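Use these hints to put chain B onto chain A, whose structure you have.
Each chain, letter by letter, is given below.
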Amino acid sequence: MKALWRTWPGRIGTVLVGVITVSALLSLVWTPYDTGKIIPADKWLPISWRHPFGTDGAGRDLLSLVIDGSRTTLFVAIASAAIAAVIGLALGTASAVAPRWLGEVLINVIDVLIALPVLILALILVAALEGSVWTVALAIGLGSGVVLARVVRGEASRVLTQDYILTARACGSSTWRTVWRHVVPNISSTVIVQLSLIAALAVLAEAALSFLGLTPLSTPSWGRMLENLQQTVTVHPGALVFPGLAVLTATLGFNLLGDGLRDAVDPRLRTRSAAPSPVFSAVLAPADPARTDRPTTGRARQR
Amino acid sequence: MTIYVARRLGQLVLAVVVTSVFVFVLLRLLPGDLASVIAGTEATPEQLAAIRTELGLDRPLVEQYGEWIGGMLHGNFGESPVNGTTVTGELGQKLTVSLPVVLGSTVLSVLVAVPLGIVAGSRHRKPDGVALSAFSQLGIALPSFWVGLMLIVVFVVHWQVFENAFPRGGWDEPGRAVSALVLPTITLALSQGAVLMRFVRSATLDVLHQEYIRTARAKGLTRTQALWRHGIRNASLPVVSILGVQIASLIAGVVVIERVFTLPGVGQMLVSDIRTRDLEKVQGTVLLVAVLVLVIGFAVDIVHRLIDPRLRVVA
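Going down the list, the protein sequences come from chains A and B.
Numbering-wise (the numbering used here), the first sequence opens with residue 1 and increments by one.
Numbering-wise (the numbering used here), the second sequence opens with residue 1 and increments by one.
Same shape as in the complex, but just chain A:
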């Protein structure tokens, strides 16, 4: 934690994610105004002390709507990261530990799934299932989970060659136990960094999906707010600023947190530029299988 605070990305990231978290928790008990109530007399109020972000066309307080939306955002971010963690760890370690042929089959399936961009996958899932917050989280979790699996496989294969794994085997530790007690803890720092970046992508994807009108109307959401405000963008452009900044805060927060965490867990990388993580790029779309698990080929070759 201390190491996280030492770098600027870590510091800013922690603060931004903190703001979102506090706002999400706050929305559970209190918002400045009732977001469900329509007050025609208050429509399109400019920024003021009573309405710091102004009001929308139905006279609803935009600050309250943004605070309400942070709950959905945070939920989707955490849920997607959790689903991605389960899928990534399970598929990744399984393909590393399993017999060669099975591992090959698994990795090929993973590669195909990686080829579907997360947004497209989310669109399919929303078409097939009902568009709920869970569907969105499932789609993002699945889409980024397979990319994470690639990273995990690479890391796990590296750890599996270490002497302490051999020692554990010699001591009669079962495969399951070896993976759980020795492999997972050793790759957890990499995974945590990736999860933070996945959370950032989830924020963007949720905003995009709700902007497209594919999430339920009843769920408060920044993307949905922006979609509603888009219809009047020509007359009231100012109202769009704050929901957009909210998305920016959350995405930037998780991204910087990921960068900070990487620096914290691996001080060696600090002098070099922070190389963008494989998930970061690949989650947006497919990545080449030969390279995703070896983002630092240049360095590896050098040795």
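Misleading hints may appear alongside valid ones.
Derived Cβ-Cβ restraints for the label pairs, each shown as a range [what the hints assert, rightly or not]:
(1) Y65(B) with G103(A): 26 to 34 Å
(2) A134(B) with A82(A): 52 to 60 Å
(3) N108(A) with I302(B): 12 to 20 Å
Just a few of them, taken from the derived set where beta-carbon distance is under 7 Å, the chain B residues facing chain A [as the list claims (entries may be wrong)]:
(4) L12
(5) A15
(6) G139
(7) F145
(8) L149
(9) V157
(10) S249
(11) V293
Take a look, some chain B residues computed to stay more than 10 Å from chain A by CB distance [what the hints assert, rightly or not]:
(12) R59
(13) E90
(14) L138
(15) A141
(16) S144
(17) F155
(18) P167
(19) A248
(20) R259
(21) A290
I should point out that these hints are in silico values taken from the structure, not numbers from a laboratory.
Since we're looking at a predicted model, the values are computed, not measured.
Just so it is clear, CB atoms sit at the ideal spot from N, CA and C, and this is done for glycine as well.
Leaving out everything else, chain B in the frame of chain A:
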């Protein structure tokens, strides 16, 4: 090389087949099936059964899948049971809108991001390098649709420089069509370019720390010369592979951008088909997009091999 291409081609075909099965099965999972969508909520069970027979929904899944793929291979991407249009015809027309945006923003993002990324990388401790990378960090975190909306406010509403909608006549009015596509292209290029720039930056930095650059410097080359002669080709390797990823994510991003600028493109079609549950069309469109992405991945791999002789030897 030939062997590699053949093997990679085999992988590509396999991936396409798996993807098609995946898309097919996923879209059969939905709660209310196609027949109930067409018949409406007040249909009797007999009517539903009749429609199912007509559409072939009562036949085994394998048979349905075979027919679908067979049609796809013959260029028939299916017919919408909801409004009777053929997917192929509509898709072709929509592509005339989406494709220029995708291609344009790919080119634009490369032209902007690569030079800026190299500058940000080679001057990473200087104020301008730091400013550039902070800028790309912001560009990554900003939702593209929001950037698009802001651009609309400034350029369409305020200054009225560009058309606010794609003309009805489409490309029959070339001037207006191009004018309507400028902002979407820029928006998409900005969000993609920000990501690309970050990769170019880190690739440049990575290369600058290599020993062969030190050797070149020791021989008396300046930093720029060393980077230019020895660094660029090495740094281009990770960038090329990212470029494939980028184009794929551009294709996904265009869905959102078309919505912002109300362009009648493939993305808009896909979203409205999902809303009306026109699964036959969704299926065809999604598969087409996925295949496109897979093919791009394939092409990138080949290019990668051409640039990096080391990979050729290993294979």
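Tested hints:
1. Y65(B) with G103(A): 26 to 34 Å: holds (28 Å)
2. A134(B) with A82(A): 52 to 60 Å: With a Cβ separation near 31 Å, A134(B) and A82(A) fall outside 52 to 60 Å, so the hint is violated.
3. N108(A) with I302(B): 12 to 20 Å: The hinted range 12 to 20 Å holds for N108(A) and I302(B), with Cβ atoms some 19 Å apart.
4. L12: With a closest approach of 10 Å, the L12(B) hint is violated.
5. A15: holds (5 Å)
6. G139: violated (10 Å)
7. F145: With Cβ-Cβ at 5 Å, under 7 Å, it holds.
8. L149: With a minimum Cβ separation of about 6 Å from chain A (threshold 7 Å), the hint on L149(B) holds.
9. V157: Cβ of V157(B) sits 5 Å from chain A, so the hint holds.
10. S249: Nearest chain A Cβ about 4 Å off; hint holds.
11. V293: holds (6 Å)
12. R59: holds (20 Å)
13. E90: E90(B) clear of chain A: closest Cβ-Cβ about 17 Å, beyond 10 Å.
14. L138: violated (7 Å)
15. A141: violated (4 Å)
16. S144: violated (8 Å)
17. F155: Given a closest Cβ separation of 12 Å, the condition holds.
18. P167: holds (19 Å)
19. A248: The claim is violated: A248(B) sits with its nearest Cβ about 3 Å from chain A, within 10 Å.
20. R259: violated (6 Å)
21. A290: Incorrect as stated: the minimum Cβ-Cβ distance to chain A is 6 Å, not above 10 Å.
In this structure, the hints that do not hold are numbers 2, 4, 6, 14, 15, 16, 19, 20 and 21, in rising order.
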